[in-house]
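There are 2 protein chains.
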Amino acid sequence: MLTKVHTTEIHDELHRMLLTAQFGPAQKLKPEDLRKRYNCSANTIREILLRLTAAGLVTFEEQRGFRTREATPERRHDVTKFRILLEQEGAIASMQNGGLEWEAQLAAAHHKLSHIETRVATSGAVEDNMQLWSDAERDFHKTLISACDSALLRETYNRVYDQFRQQMVTQERDFGTNYFRAIISEHQAILDAALARDEPTCREAIYDHLKRNL
Amino acid sequence: MLTKVHTTEIHDELHRMLLTAQFGPAQKLKPEDLRKRYNCSANTIREILLRLTAAGLVTFEEQRGFRTREATPERRHDVTKFRILLEQEGAIASMQNGGLEWEAQLAAAHHKLSHIETRVATSGAVEDNMQLWSDAERDFHKTLISACDSALLRETYNRVYDQFRQQMVTQERDFGTNYFRAIISEHQAILDAALARDEPTCREAIYDHLKRNL
DNA sequence: ATTCAACAAAATTTCGAAATTATAAAAAAT
DNA sequence: ATTTTTTATAATTTCGAAATTTTGTTGAAT
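Protein chains in written order, with numbering that gives the first Met the number 0: chain A, 0 to 213; chain B, 0 to 213.
Since the hints were made in silico from the structure, they are not lab data. Bear in mind that the values here come from a model prediction, so they are computed numbers and not experimental data. Cβ coordinates follow ideal geometry from the N, Cα and C atoms, glycine included. Careful: at least some of the hints might be erroneous.
[Claimed, not checked] Computed from the model, here is a short list of chain A residues facing chain B with C-beta under 8 Å:
hint, residue
1, Leu49
2, Thr52
3, Leu84
4, Ala150
All chains should be built: construct the whole structure from the sequences, respecting the hints.
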């Protein structure tokens, strides 16, 4: 009898681990180890790793297995630059296409995010709120471009956002209260420009928010 | 004894078939059929289809298998718009970073392409030269952005180019001599603007080349 | 005639193991 | 001592089949 396995759950778990630096950069991901840890077959692990490769979080070389992506300044620069391009284009398209519903969703996402960021900035409890902040940050940026009419751009952005996050957490940067104090106003600037439909200002706000990673 | 199978070759074969409309739009890709056709295991087919899903040429739904992508005007529009964005950004970065070597490669790729296009436009032998033209066209556009400093943009462009091609061939368009007569000058305009480092003109030339698919 | 349930057939997913290939270690040759 | 060959070990890929889920069909109930 086959023990029921939950491929999706293992996938999500590994995905989460990759975005919280539970593995080192360019670290080998051994199917045999993972197989034992999750009590499933090597094939299932292989399929999951192939999907994570498609997401850009893992690299694959024929006959030599899987690795987490490298974390280098060059790659961080590349991912950041590309994210800026996609987010600017997506945000502007959203500003042109989005209506009241989009504005409301963006305001809501920002409200949540700024609440968490303020709490972290004042209390200093970074670790405790990391996952919460992480989800809220992703949601805000995703909502920003959500009214953009290109499904392909949105899909691509989601991939790139994850890769960006992977670079961030892997190259341990200053995630102290200073960081959170700084980004509160940056997120506010993006929100304001977006709702005001001020395209050049929004472009600039997105750039200013991300330029520290270039 | 296991009969040696060539996963890569089957993959490339299916990839080629997807880009030459050997399957209908949104057609189910049955692992069992493919397994028999290529004389390999269902698992191997599954792995290949997962890779093609990562490339964006195939869709996958849990427990209900794989399908070729749909071919709709909306999707063609989306893919075209995104391709224009990536190609414009990539070309301009190439013009800024590329040196003599890049110029030479671009000139070479264009020479090949225009030779084939002229032959097709005059002889009318479209079918006979389709694969040849297809490879040359891809190579020209790929070379155009090859000196762009973002590996991520280049990777993404390659994926989107394939998806664009898939839409083109699936929605049978006018691939007669008229088409080839038209694009000869369009490719020439892109080349000229790129070598002249004229950014606005190059942007426009890329748009003009692709706008018929919007 | 339409809807629903029960069953049968087909397709998908997962497994455990065999076969292949890469990697590491030891031995031999320069 | 360094390089090359050989051997042993480990990892990857592929298979064939079992288990699961979906899809299609038949027959009963409304």
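How the hints compare with the structure:
no., hint, verdict
1, Leu49, "holds, 5 Å"
2, Thr52, "holds, 7 Å"
3, Leu84, "holds, 6 Å"
4, Ala150, "holds, 6 Å"
Checked against the numbered hints listed earlier, the structure breaks none of them; every hint is satisfied.
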